[in-house]
Amino acid sequence: MNTKCISCGMPMTKAADHAAGDLAKKYCAHCATPDGSLKSRDEVLQGMSMFLAHSQGLDPSAAEAAAREMMSHMPAWK
Amino acid sequence: MPAIADPPARQARKQRTRELLIAAGMRLFAQRGIAAVRMGDIARAARVAHGTVFLHFRTRDELLAVIIKQYAGAAALRIRELVEEKADLRHVLAAHLRGLAEMEPFYTRLIMEGPSLSPVARTALLGIQSAVATHLAAAVDRGVRDGSLRTLPREMLFNTWLGLVNHYVTNRDLFAPRKSVLTELGPKLMTYFLSLLKP
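First to last, the protein sequences are chains A and B. Heads up, the first sequence is in the working numbering, so the first residue is 4 and it goes up one at a time. Heads up, the second sequence is in the working numbering, so the first residue is 153 and it goes up one at a time.
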């Protein structure tokens, strides 16, 4: 099983990658709220921006611009 | 009226055409540089009608982003699997180099033209780099916990490694003319980088 999160594009290769460990969910655990529903667009944007900024040391505004660009192609946010 | 699905044979042909376009695109981008290649060039190289290309990819940059995600994304996934299997940092770095070496001519063009790439292509690469950076950091964290590695700020760890790799790739004609610089000098780069992380 190898699908991608419809919110952030992360590859999901096992049940734990999916929201609430549910293979039927098309979004990943990082894009889910504690009750397993999809986070809001702003929450996902913030999370993705921080991921880009912290992992590579990007300037926060550049990271947010990159996150917006990525999300514009995602099925959950088109 | 409900949409009628393509019969399997037609679907297979469409998929085959898509694969031909991706392969041709990667080959041409590597040979001529990314900015110099047009969709018409890719169509001709793949022996596909010009109009057919646009049934699969709306723009050249969309095709470029797909190529980046397919090849670099596959390498990032292998790295993630290694980290989940608790492989040590040397094996993770080696997997990174192998993944880049498999697309070395194309990757060379990507990093040399990086700042001038379209946003869709540049962010495709950025996203995958962030995934690799996170996986590398997880491998280093394990080494720090068992005392075999010293700690470094997460982003500096990745940027130092990538800076080293990209310098050799960009100047591959000087370091390993007519060869894969990552295959020839990868072990040396890993050994040096790992020595920097020794406690």
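In short, the hints are calculated from the structure, not lab data. Some hints here could point you the wrong way.
A short, non-exhaustive set of chain A residues, derived as facing chain B with CB atoms under 10 Å [what the hints assert, rightly or not]:
id, residue
1, 13
2, 14
3, 51
4, 55
5, 64
6, 66
7, 78
8, 80
Backbone N, C-alpha and C fix where the C-beta goes; we use that ideal spot for every residue, glycine too.
Results for each hint:
no.: 1; hint: 13; in the structure: 8 Å, holds
no.: 2; hint: 14; in the structure: 5 Å, holds
no.: 3; hint: 51; in the structure: 9 Å, holds
no.: 4; hint: 55; in the structure: 5 Å, holds
no.: 5; hint: 64; in the structure: 14 Å, violated
no.: 6; hint: 66; in the structure: 9 Å, holds
no.: 7; hint: 78; in the structure: 14 Å, violated
no.: 8; hint: 80; in the structure: 14 Å, violated
When the structure is compared with the earlier hints, violations turn up for hints 5, 7, 8 and for no others.
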